[in-house]
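Residues per chain, in single letters:
There are 8 protein chains.
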Amino acid sequence: MRQADLVSEPRTGHLGFARLDLDRERRTGTPEVVFAAGKTPAETVACLAGLLDGATGPEPFAWATRVDDATAAAVLERWPDAVVDAQARCALVGRPPEPVGEVLVLTAGTSDGPVAAEVAATLRACGVGCRRVDDVGVAGIHRVLSVAPDLAAADAVVVVAGMDGALPSVVAGLTDRLVVAVPTSVGYGAAFEGLAALLTMLTACAPGVLVVNIDNGFGAGVAAARIARSRQR
Amino acid sequence: MRQADLVSEPRTGHLGFARLDLDRERRTGTPEVVFAAGKTPAETVACLAGLLDGATGPEPFAWATRVDDATAAAVLERWPDAVVDAQARCALVGRPPEPVGEVLVLTAGTSDGPVAAEVAATLRACGVGCRRVDDVGVAGIHRVLSVAPDLAAADAVVVVAGMDGALPSVVAGLTDRLVVAVPTSVGYGAAFEGLAALLTMLTACAPGVLVVNIDNGFGAGVAAARIARSRQR
Amino acid sequence: MRQADLVSEPRTGHLGFARLDLDRERRTGTPEVVFAAGKTPAETVACLAGLLDGATGPEPFAWATRVDDATAAAVLERWPDAVVDAQARCALVGRPPEPVGEVLVLTAGTSDGPVAAEVAATLRACGVGCRRVDDVGVAGIHRVLSVAPDLAAADAVVVVAGMDGALPSVVAGLTDRLVVAVPTSVGYGAAFEGLAALLTMLTACAPGVLVVNIDNGFGAGVAAARIARSRQR
Amino acid sequence: MRQADLVSEPRTGHLGFARLDLDRERRTGTPEVVFAAGKTPAETVACLAGLLDGATGPEPFAWATRVDDATAAAVLERWPDAVVDAQARCALVGRPPEPVGEVLVLTAGTSDGPVAAEVAATLRACGVGCRRVDDVGVAGIHRVLSVAPDLAAADAVVVVAGMDGALPSVVAGLTDRLVVAVPTSVGYGAAFEGLAALLTMLTACAPGVLVVNIDNGFGAGVAAARIARSRQR
Amino acid sequence: MRQADLVSEPRTGHLGFARLDLDRERRTGTPEVVFAAGKTPAETVACLAGLLDGATGPEPFAWATRVDDATAAAVLERWPDAVVDAQARCALVGRPPEPVGEVLVLTAGTSDGPVAAEVAATLRACGVGCRRVDDVGVAGIHRVLSVAPDLAAADAVVVVAGMDGALPSVVAGLTDRLVVAVPTSVGYGAAFEGLAALLTMLTACAPGVLVVNIDNGFGAGVAAARIARSRQR
Amino acid sequence: MRQADLVSEPRTGHLGFARLDLDRERRTGTPEVVFAAGKTPAETVACLAGLLDGATGPEPFAWATRVDDATAAAVLERWPDAVVDAQARCALVGRPPEPVGEVLVLTAGTSDGPVAAEVAATLRACGVGCRRVDDVGVAGIHRVLSVAPDLAAADAVVVVAGMDGALPSVVAGLTDRLVVAVPTSVGYGAAFEGLAALLTMLTACAPGVLVVNIDNGFGAGVAAARIARSRQR
Amino acid sequence: MRQADLVSEPRTGHLGFARLDLDRERRTGTPEVVFAAGKTPAETVACLAGLLDGATGPEPFAWATRVDDATAAAVLERWPDAVVDAQARCALVGRPPEPVGEVLVLTAGTSDGPVAAEVAATLRACGVGCRRVDDVGVAGIHRVLSVAPDLAAADAVVVVAGMDGALPSVVAGLTDRLVVAVPTSVGYGAAFEGLAALLTMLTACAPGVLVVNIDNGFGAGVAAARIARSRQR
Amino acid sequence: MRQADLVSEPRTGHLGFARLDLDRERRTGTPEVVFAAGKTPAETVACLAGLLDGATGPEPFAWATRVDDATAAAVLERWPDAVVDAQARCALVGRPPEPVGEVLVLTAGTSDGPVAAEVAATLRACGVGCRRVDDVGVAGIHRVLSVAPDLAAADAVVVVAGMDGALPSVVAGLTDRLVVAVPTSVGYGAAFEGLAALLTMLTACAPGVLVVNIDNGFGAGVAAARIARSRQR
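Chains as they are written, first to last, in the working numbering: chain A, 1 to 233; chain B, 1001 to 1233; chain C, 2001 to 2233; chain D, 3001 to 3233; chain E, 4001 to 4233; chain F, 5001 to 5233; chain G, 6001 to 6233; chain H, 7001 to 7233.
Because the hints were derived from the structure by calculation, they are not lab data. Just so we're clear, the structure is a prediction, and the values are computed from it rather than from any experiment. Mixed in with the good hints, there may be bad ones.
[Said to hold, decoys possible] Derived DEER-like restraints, expressed as beta-carbon distance ranges:
{"id": "1", "chain 1": "F", "residue 1": "E5098", "chain 2": "E", "residue 2": "A4073", "range": "50 to 58 Å"}
{"id": "2", "chain 1": "A", "residue 1": "Q232", "chain 2": "G", "residue 2": "L6015", "range": "39 to 47 Å"}
{"id": "3", "chain 1": "D", "residue 1": "E3098", "chain 2": "E", "residue 2": "A4153", "range": "25 to 33 Å"}
{"id": "4", "chain 1": "F", "residue 1": "P5097", "chain 2": "G", "residue 2": "A6086", "range": "42 to 50 Å"}
For glycine and all other residues, C-beta sits at the position ideal for the given N, C-alpha and C.
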């Protein structure tokens, strides 16, 4: 990329209330996504349509995260073939890229499921394979140890955990893969809406743990996809 | 204990600046201790002397925690036979009770040593045996698993850990013994002087974990001693 | 327990979304519990059924905490003989072990009742006796002093308190029993959803106080049950 | 006081770097004090001199708080008859008013002594009597109960406590006197430099507790003096 | 009060879920109050009835704070003559003591009204007169200055303020009366539910400011009543 | 302004529950506004009416912020010609001053729109022109660079941003105009309701950034209006 | 400024460890400053020399903030004519622009002096006049009112205050000038190193208050200078 | 890796106070490191010696982080050929692996240098190439844009930034490489020892940003090395 490209004539789709970054995929390898929280259903639909219109590849594709029920309905009304994952709160319109590689997604408990689902949906949107193993928290350490073969087979590992957030520390000590840790807001009291898990992961005693925001399955998915895709090249 | 005992004629040693609770051992099973932080060396020596004077058993014994170098010197000048543990910052004057039972004290890393030493000194002062296994953090999970036989042999377990504080969650999933968790101020940045470890332990996903204040080896030792002594009765 | 047991062939019940730890009771002495928060009623019922199916003792028993109304109804529809404690938000299916020993459960105020009820339900599920004395906050110190005989008779003491959380400090100065302190989210303003009581208990000036998470009646109950059962052996 | 007085010709002593409020005693009943922290010794001496110069009563008097060793020396060099209380870090120059009434000052532990000393020095400066009883923390509740006669004799009560800060809650349940609670920065870990005690006192379950800033013996002393003086009128 | 009184035969009304402190008024000069938050309407009514039954004076009186609509209705159904102040969320049953003295209650803004109303209701329940002046925040400093005559006439001053909580600092510089400061949860963003105002008041640059918990109109009212009553003796 | 003006006969409109500061515009150049949060619709209408009654200029004008639906309806019922901006939650009654100058209002994302709308409404009420450019967050830096011509044309710049709050740092490095930064509560997890953006803006590495409270579009608008008007003089 | 200017050939002085932004004054109107904290004396001297070398105007000028004693000495050794303000910790080398306009700088107390001195030094470096009035805290409100004539004469007002940080709220209610509020870390306990003052200022009940980081006299000075210079054009 | 390997006969070097994890490199691809903080110089030397003794490859190599002056001297005394990087506080003994690939390390300001140096030393120890570009903070956005060619050439990017921590948000919008963000404790006041930068990075509006602990150059280096090495395979 030449530096001049950055400011001369970026391809931007102006919608008045929003400015679609049609150029993002070329720059960052990740397609622009519509963050539906704080947008009306109509605004989200308009953004998705704008992204589809601006797409330059052979298979138009656009997607949105943090989609509530009303927005999901609006998307499905406009594009009946769209795929909406209710647990992940994601909507995919058109055909995502063929998946390459594989990211292992672990959860510490059942309640971490929705965030793991967002990771999985993001991987699908980014064209990367996903393998999930759920409910392997450290309170039953044999459950963690049993995923060792899966660790060896993965391009990267995403660990989703709330409460004490201890799982990434253990996993990172068992593998040479990068571990992307996602704290969740699961827990009560001194969990402080995910703060406890966040601090645990930031201070993990095993190196190789990288952390994203609380409940940010999207960010973890994008990062893991970048790793997986670059290894598959 | 009759209720009236609580307020009628408690045996209290007044030193002007302090009020020794000579009756504490009868009430709580744990001898009064001198918390030397915030006291001058002379005040700590005076408190120890007051406790020795007020002792009613056959073997006078008194002790102090948070003893700095100057106080240690003052104690040793007054009682040359005193035992001062520099790492634990504890001073024991006279003969502690014969140890019964055994508490297992685990540390996650080498830097947690001073707090574990305070636990050990407290156990000795309370007349309970102690077995230490150090540096078994979860980043090398086989190190944790290797202590399983020790867990089975202990009356109670004290786990001392800083940084992510994840060790108690794993240990409590491996044993039916009570796990007393001590967060330490070891770590930097988002460890926030022990806050991260404290929150991790409070939100441990394995039940049976009980928590004391950051760096509070004394409190953990007293509690573990109570458990051990009550099991030995 | 031999170390090899930990990883070879653990008895795990896979339900897809959850991985039941059927082996937990053998390892930790405490039966696996279903944490119903964040699970659908159907998921909780499925977990309970899985635990009952996997039970190896003569009296099948399983239980769940943080049960809301919908889940309670689903449990009762499946097992009409189940016992649901609405205040404690716990459901017990089958026959819990016969109670041994006795844990004293104190509350500082009437509003701490639901958490104390969770402690009591947990003790019942773990097969330990329970004696409750409510509303003995330190603002009327004679109320605290009046429980001295109960303290002497208990195997362990659980103190449940919100607002200033001062009760455990006073109780621990009156007894040689272990005091498990449960901060509650009762209070407003600077109580900060239980943070004030939590900090008070962690910094209690009387040793022998061990702390669990805010509103964590379950954790306190499990810990107290371990103490009581080990003393009764 | 007429409203116009407030802005017309207040008696202010300008020192360049400071603006002495010579009128404060008339308005608020409390003489202006020099807060020496953040001032050089020379600045503190200049402020004290300015206050003495501006004094209108028969007995010139001025005083300073948070006086360090260098400032104390400078004060004593200028006014050899000044009274400097090293523990309280206060310096009194000239003759304070004759004491009336009596405020009871309680401390929970020996380490709270310096703050209690600042309370006592403030009472002396404000012309109010002081009675101190130290080291009556709630871990030995009989020590608290033994001060009941002192409570009944006092015009107001100041309670100084660090760590769990539980003492004011108990005291306020025993008396009809106003309880001014001073949290201290004594303690470690989750005491968070006095935050734990501050929150405990703010959420005290007994009404009649009023709180000042951490370690603010000066503020507590001024408030208690106002109460005492108004009762003696 | 003799010390023995404290533990011998306190007059306590046991209701099972609650333990009424019928002796509180004798000890502390303030009648026991029912804190209705966290109680069912029936429980609050039962507590009020218990207090009325236990009353020993000629005019039975009992009251409750934090009364919601359902509880208010239950109280009025049982005692049609009860007085319920909807803004203050207080219910008074029977005849409160004749008011003596006068407390000045200031609010910084209109939104602080409900907390000020709780102060006023508490003063009425404690038998103290009340004068309110509303909406005198420091953004229009002439509004503050205009209350100077009211300050001079009051026995004590209660200042209720949210947002920046700056009003007590200004008021305390204008009067020799004790200023009881009540931070409110009014405000948004960095007001952090009253934390900003709380910290402002604790660090007020004018001495003589004493602080209660956020939104704690009850505590401020009790304290101010004690001051006023003691001045009227 | 002479000093005496400040306290002599301020023109204040007393409404019982509120004290309108009719004199504010003369003193501060900004007309008094009604903060409708925490007021009933009737109270807000009464305040607006009082301001209109007290207006001395040729064109009566009054306005309110934080207007919810019920209040908006009440305002429109009373003054059918009022302008209510639903996104900004502002109501303007009468004719605001003719706009002079121009303030540039930037948002980082679509979700920051409501706060930017409050800025715009405030500018209109204060008689200053407004130019908005939305959705120019730093993740697509060319979007920021493209506003350089707008920066040069503005009297002041208001930057509204949630999440990482990084936009003001970049903008302030591109212009000599004052940058008023408004953190918004947009974001989740470690955004902590706007705290992350607030801290980012306070620590901006480019000087010339001034910060207001989270979501405080009103405060930013008033400040920017003052700058613009003073430049146009 | 044309957009292309921003990226084409910026004039940057590379020093290896630092990249001087010689172009900053053209872009932002404020000359680049050397932030000496975290730099060795030699590095600061090298940066200053680089800025002087790169200066294009007739009067070379460069300056540094947060200069400690060692750095001050190094600067004076290199440039004996440099002006070092020890209280402000600023060093000015060469001749700053002739001052235009006037900014009023107020402090609440004497201890806020060093931060106010940094404001003043920054104004001098930016070529703006400064008038300081010190020690006008709200505890003596007449002191605040007495600055009214100064407010009217100023182009902008900077208010520096620690502890409760209440002064900007009062000042902003008295003037139509922009008020730049600087919280300082003066105070103890609940002042939390300036956090209390920061929150107070962010939630100021008077509009027109803009806030900078704690102790950030530099940032306040730059902002005030921009306002003053733009008014003088 | 077979699961049984994890617990059967791990190669552990016991030093009494520490338990060297000689097997870590086989499991995780990263050689064990000695964290020297909290260890005596002798302990660090003993750990390094133990690692060198346990090394199985042809070129023995061991290293330590957080090395203070005394420890550096002890290392150099024992191994005169060791390489000690004073800014990075790292010591490398023996010959690190030949570097493959290249990681780009950016700093926002000069003061972030020590943390970037730790990243660089870690990369060298892990056998990965490093390219540093310093002082490219967003306040001069052209400096950031000028690194675009470097971004395209790198295997991964590490961004080190204190104060507002805004740099990773901008960088991640310009590249498809993974961005590892390291907040530093550089800054003052509301930077809160790196908390502001940490929160900014966690809430970065550009996906692909992964975060490590404050000042944790080691963790960032290990993670970036894993990415680079996996791309080079």
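Verification of the hints:
1. The hint said 50 to 58 Å for the Cβ distance between F:E5098 and E:A4073, and at roughly 54 Å that hint holds.
2. A hinted range of 39 to 47 Å for the beta carbons of A:Q232 and G:L6015 is consistent with their spacing of about 42 Å.
3. For D:E3098 paired with E:A4153, a C-beta distance near 28 Å keeps the hint of 25 to 33 Å intact.
4. As the Cβ distance of F:P5097 to G:A6086 is approximately 48 Å, the hint placing it in 42 to 50 Å holds.
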